[in-house]
Amino acid sequence: MDTVNLAELIKSFNYLGLIFKISAFIFSVGYLIYGIVFLQQQIKMERNALIYEHLLNDPAATTKPGRSVLFSLSLLQLTLGLFLLFTSLVLL
Amino acid sequence: MSTNHSLWHSYLIPATLEKDLVNKEERVLLILRAHPITTLPWLLVGLGLVLIPIFFSPYLTLLKLNPNQELFLILSWYALSFSYLVTKFFFWYFNLGVVTNQKIVDVDANNLLNTVTTATVVSKVEEVNKKSLGIISSYFDYGDIYIETAGEIPNIEFLKVPHPSEVVKLINSNVKLHGHSKPR
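If you're matching them up, the sequences are chains A and B in order. Read left to right, the first sequence gives residues -7 to 84 (the numbering used here). Read left to right, the second sequence gives residues 1091 to 1274 (the numbering used here).
It should be emphasised that the hints constitute simulated quantities derived from the structure, not laboratory data. Errors might be hidden in some of the hints.
[Unchecked claim] List of simulated lysine-lysine pairs, BS3-like, C-alpha gap at most 25 Å: (1) B:Lys1193 to A:Lys36; (2) A:Lys13 to A:Lys3; (3) B:Lys1193 to B:Lys1154; (4) B:Lys1221 to B:Lys1193; (5) B:Lys1193 to B:Lys1109; (6) B:Lys1178 to A:Lys36; (7) B:Lys1154 to A:Lys13; (8) B:Lys1221 to B:Lys1266; (9) B:Lys1266 to B:Lys1193; (10) A:Lys3 to B:Lys1154; (11) B:Lys1266 to B:Lys1109; (12) B:Lys1266 to B:Lys1114.
Sequences are here, hints too, so could you generate the full structure?
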């Protein structure tokens, strides 16, 4: 009896859905990693490159330059990655 | 201090340029990025990517996915399009040339993990050349600038920057004031 139930269960299992869920999870993790690397590089580049713009505006500046628009965009990218991960784990 | 920020921050000069040029302390005279018109191709590609789901979403039903899966597909498409645009903006924003009264710096972001910064002191500058790139570059006034340096220091290139003639003039004046080599 149990063997028959198991066979039916295996037959009725939605393999396409599972494959979709695994692919979605891998994509989301990849996107999230890209978002983290992007944010890291963006902060590094801001420190190295934008200091010149800061000094051009104020040659005697001793403060660090403020965050650029790109910082907000990369945070948004990271949030998108987290949302995709949540969707792939919970909704699919 | 007011600054002349023109062309989407691709051509920045200080309001006190003449004073800064002769200043003994290091002062930033010019910051250059590629002309904004050169961003048009990837902006158009980005627009195309954003529009694709609008035209193709009715065909998603053919894949027989459940609504959540359809939502995920559309969302991930928009996430990819967004990342494409942000990454292109990253390269445009961080590919910059800096001219100070003492040195010239070229920052090249080749890809996300590989950035190259080349710098030379003004006294090592031997030649400054500009190259026009065709009809569009003449119309929008942008071009390439090649700075040849003495010794083994790699040459510096500012590609597709606005107002190339003015940039060459400024670098030449800077070399005349602070460098030893004779500019062209």
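(request) Could you tell me which of the hints above the structure violates, numbers in ascending order? (result) 3
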